[in-house]
Amino acid sequence: MERDHVHDETEILRTRLRAAQETLETLRRDVDAIVIEGPAGPKVYTVTNAHQPYRMIVEEMQQGAVVLTPAGDIFYGNRYFADMVRVPPDRLVGMPMVEFVEISDQPGFEGLISQGAGTLETVLRASDGTGVPVYITVNLFSESPANVCLTVTNLTEQKRQATREAALAREEAARAAAEAASRAKDQFLAMLSHELRSPLSVILTGVEVLERLELPDNGPLRIRELIGRQARHLAQLLDDLLDVTRVSQGKIDLHRSPVDLGGIVSSVVEDHRGEIEGAGHSLRLSLPSRAVAVDGDRTRLLQVIGNLLHNARKYTARGGDISVSLEQVGLTAQVRVRDTGVGIPSEMLPRIFDLFFQGEPTAPRSGGGLGVGLTLVRRLVELHGGTVEAVSDGPGRGSEFIVRFPVTQSPLVDEPKEALGVRPTALLRILLIEDHDDTREMVGRGLQLLGQTIALASDGETGLRMALADPPDAAVIDIGLPGADGYEIARRLRAAFGERLRLVALTGYGQADDRRLVQEAGFDAHLVKPVAPKDVLRAVVGT
Amino acid sequence: MKRAAPKAAEQWNLRLYVAGQTPKCIAAFANLKKLCQEHLGGHYSIEVIDLLDKPQLASGDQILAIPTLVRQLPPPLKKIIGDLSNTERVLVGLDLVRKG
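Top line first, the protein sequences correspond to chains D and S. Note that this note's numbering has the first sequence beginning at 1, numbered continuously upward. Note that this note's numbering has the second sequence beginning at 1, numbered continuously upward.
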């Protein structure tokens, strides 16, 4: 009985043991997690490796990840961190983290560790002493004991990018400065030409006045002609310089209309004929029988052809041949100016239209100049939608300039009649208000010689009193007067005399703004200094 | 408690089996390092084996629970389970002090 009982109990225990073993086996083989009831509720324990993907991510990511012991030793560092500090990953374990932090940042870093939170930008000191700029984030991941983990972001690339951007910004600033300098240079040139032009115009006016005072003796006459010629030449150079800077600043507006290019070419040729034949050259002109119409600014086209012809004469030794031709090829008008002069070396051909570029100074009759003329030619031609090309067989073999413009189908506008060389003008009483003594003197004398009656005033108030005492037919007023300026004086004169008084403004610069102000002040006409007396008279008469 | 100072130049090789970066594993490592610094001078090495990385290494030292500290050298081989926070028990277990 007793034995049976024992036997039975043994069997029961064996069965239970088998069941327990089977459960254990099942647990080992077939489950991922088990649930254990504890005083704080159920807890889930994973059997298989639930966080395997996260471990892989942390190990592979391009950012440092570090787990520290409460003492601040490294318990785990991922591969990226190991690479940054240049220590094999398995050797990291147990190393004090603080030793990798830049010395000056160590107290701050230890503060973050004890707080268990925060961020720090510092330099990681690798085992070989190299520095890696980093951004460290500290996070507490268990409270008690307090364990922290770090993420360590490598800032090397970011810093490099910042450096590149800074370099780029410096480059940009340098370029802006260079552009500003270039603009300043243009402005300087414009100012220079303007400043030089003013006294020169006074000289020219003086010469003109001298020419009209018929002096008996031949000597002064020749000197006078010499002064006149040279001063006119200087004035031409300055005008070109001024125009070039205006074109490059986009300040030249073309006043375009359909014009006959043949008429323009022949008038330029006739203007230069005396000068060219006087230098012993032969001059030939060949024009088509029909008009060739282009949409152009008559004055500027005259300037283009004139400059080319001037160059042809200048760079050709005495006794050369100069020819000018115009033909229409399809829808293109083609002007050729050809000479038998010094020619152009082929290596210089591409550069001769550049500003301030000149042919070799040793070339015979190179004759100085600023190297502005051809630049102006090209810019003006391009403003007209045309092209200019230089051709030469080489030094000593002459050169040819070919200008091409698109022809226009629009009907031609009548050419203006040659206005007022000195057209007989009725005697007018003109009040000139100008504070610049020489200009007032010369323009006044010039107008007198043109047969007009002149009253002169050097400031606005005086001018106003004179006008009220003895009303003129016209008043020519400088804008930049001391005291009440020209606009103010014009308004008051207009108020006093109404429309029967003609008002002409003189300004230093032909700026668009000036023109608007001039119109608003009630002026009838506007002249930009320097001015010749006959221009003033033309404006006064209103032609 | 009598201190059994290790013989001069006697090398201690210790192995700590851990599973990832659990708080008890970190605590075990921190406690062990502190204890070694205090009692073993420079004559020790600690090898941390992460069984999540290399589970096959569990069978070598017949590891049943984590963390477990194994004294490889000096012989005989000894094992201590837990986070090693009870310093006295650890010192006894490692034969660094004798009871009494």
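Hints in this document: simulated from the structure, not taken from any laboratory. For glycine and all other residues, C-beta sits at the position ideal for the given N, C-alpha and C. Mixed in with the good hints, there may be bad ones.
Stated by the list, open to error - Per label pair, the in silico range of CB-to-CB distance: (1) D/108 - S/95: 28 to 36 Å; (2) D/102 - S/77: 37 to 45 Å; (3) D/111 - S/95: 21 to 29 Å.
Unchecked claim - Quick partial rundown of chain D residues pointing at chain S, CB under 10 Å, derived from the structure: (4) 69; (5) 70; (6) 73; (7) 76; (8) 80; (9) 94; (10) 105; (11) 109; (12) 145; (13) 147.
May I ask which of the numbered hints given earlier this structure violates, with the numbers listed in increasing order?
Those not satisfied are hints 1, 3, 8, 10, 11.
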